[in-house]
Structures are given as C-alpha cells and as structure tokens.
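K.L.:
Taken in order, these protein sequences are the chains called S and C.
Position 45 of the first sequence, counted from 1, bears residue number 45 in this note's numbering, the numbering being contiguous throughout.
Position 86 of the second sequence, counted from 1, bears residue number 86 in this note's numbering, the numbering being contiguous throughout.
Heads up, a few of these hints could be off.
[Said to hold, decoys possible] If you want the ones that stay clear, here's a sample from chain S, every Cβ over 12 Å from chain C, calculated: (1) Val4; (2) Cys13; (3) Thr31; (4) Ala72.
[What the hints assert, rightly or not] Partial list, derived from the structure: chain S residues whose beta carbon lies under 7 Å from chain C: (5) Pro8; (6) Ser9; (7) Arg37; (8) Phe39; (9) Pro40; (10) Ser43; (11) Gly53; (12) Val116; (13) Leu117.
Calculated directly from the structure, the hints in this document are not laboratory data.
Backbone N, C-alpha and C define an ideal beta-carbon position, used for all residues, glycine too.
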Amino acid sequence: GAVVSQHPSRVICKSGTSVKIECRSLDFQATTMFWYRQFPKQSLMLMATSNEGSKATYEQGVEKDKFLINHASLTLSTLTVTSAHPEDSSFYICSARPPTGLQETQYFGPGTRLLVL
Amino acid sequence: QKEVEQDPGPLSVPEGAIVSLNCTYSNSAFQYFMWYRQYSRKGPELLMYTYSSGNKEDGRFTAQVDKSSKYISLFIRDSQPSDSATYLCAMRVGSNYQLIWGAGTKLIIKP
Numbered sequence: 001g002a003v004v005s006q007h008p009s010r011v012i013c014k015s016g017t018s019v020k021i022e023c024r025s026l027d028f029q030a031t032t033m034f035w036y037r038q039f040p041k042q043s044l045m046l047m048a049t050s051n052e053g054s055k056a057t058y059e060q061g062v063e064k065d066k067f068l069i070n071h072a073s074l075t076l077s078t079l080t081v082t083s084a085h086p087e088d089s090s091f092y093i094c095s096a097r098p099p100t101g102l103q104e105t106q107y108f109g110p111g112t113r114l115l116v117l
Numbered sequence: 001q002k003e004v005e006q007d008p009g010p011l012s013v014p015e016g017a018i019v020s021l022n023c024t025y026s027n028s029a030f031q032y033f034m035w036y037r038q039y040s041r042k043g044p045e046l047l048m049y050t051y052s053s054g055n056k057e058d059g060r061f062t063a064q065v066d067k068s069s070k071y072i073s074l075f076i077r078d079s080q081p082s083d084s085a086t087y088l089c090a091m092r093v094g095s096n097y098q099l100i101w102g103a104g105t106k107l108i109i110k111p
C-alpha cells in the first residue's frame, strides 16, 4: 500500500513555457500532499504543503505565482511551473500523507526531472 | 546549527560488512523518526519508521532511537551492492506532518 505516482518522469521545455507535473496517490486518499525540490547531491527542500480543497501553504522564499499548486481531489495534486527558466531546472518530488492506519509519515513519488533550455 | 545533522559521506564499505548510519538532532520535541533510502534519480523510499525511543528491526535493517542523546542510527547487516544509495534520516513532532531532513549519507557497498 501507499503508492504514489508522478507524471511525467522527465520533461524538457523551452524557456518561458509552463510545465505541469501530476502527483497521484494510487491506493489511498491523501488529504495532504507535499511538493519538494531537490538539487544534485543535496537533501530535499520543501516547497509547499497542499491540502485537498484549500490553498497550498508555501515555504518562505517559494514564489506562489511561479509554482502553482492545485489539490483538486483526494488522489491528485498538480504543480505547474509557470514561465519556466533555466534556473527552475531541478528534480521535483511529491509526497502524500496517508490516512491513519498506515505508518504516519510521507510516501514519495518517483520524482520528475525538469530541464529548461 | 541545523536541526538535524547527518554526515553526507560518502561512506564506502566492502560487501558483507555491517553499516552504521547516524543522525543527531537538537529539537527534543521530535517524536517520530524515519529512515528513507533514495537511489539516484528516484524518489525516497521509506525504510524504517519509529515512534519515540527504542529499537526496531526489519530484515537486515535495524533502527535505533536514543532520545536522551538525541541520536538515531540505522544499521544494515550483510550489506549488498544493491544497498548502495543515499540514506536520509527524517523526523517530525507529533502534531505536524512536515518532516525535518538530514542531509543524507551516500553509501557505497563495494563488491
């Protein structure tokens, strides 16, 4: 149990375009999902916490208008990188918090590698 | 000072050795302690989940939590080349599901 998927696994886009990344909990309903960014050889950096049906809570320094998060259902959260630039190139990972009954921690998707040219 | 300290390594050991990975922390309010394994270009995978102090064993893996010393450990017995990965410790307080992460230790098991 507690499987999380992400799509796409990798994406290459031109500077100025927008990219949408989907995060799905496949076998459980997730009231809370998290979005992380990870640079090479570094640990995970939390970008935002996404609660179903409400606005996401962004960490300090993360631009809300740049990284749009939509958690429209209990199994799907999306991250849209708007007007992407080369400095947005990174590894983006989502995680989901399962309901009680499973170990109460975060379960992660496989990540999405974004390269902005 | 970071809330969670973890040596980034790399730690290189021969196949079959016992591996010891550690984290120290400063916040005595942490109650839940996790170890995740992350292979290159993949998302983290939960290995061990521990509440409060004590030991927990799962196959070749043993997690230890010493809250008095604010120190957690992950032991891997009979290490295999497939165990080569980055191991991240994470912890949280009881009421908040946000995780505080260590830097991750890169482990290399040499055949």
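K.L.:
Please flag the earlier hints that this structure goes against, numbers listed from lowest up.
P.N.:
Violated hints (numbers, rising): 1, 3, 5, 6, 7, 8, 9, 11, 12, 13; every other hint is consistent with the structure.
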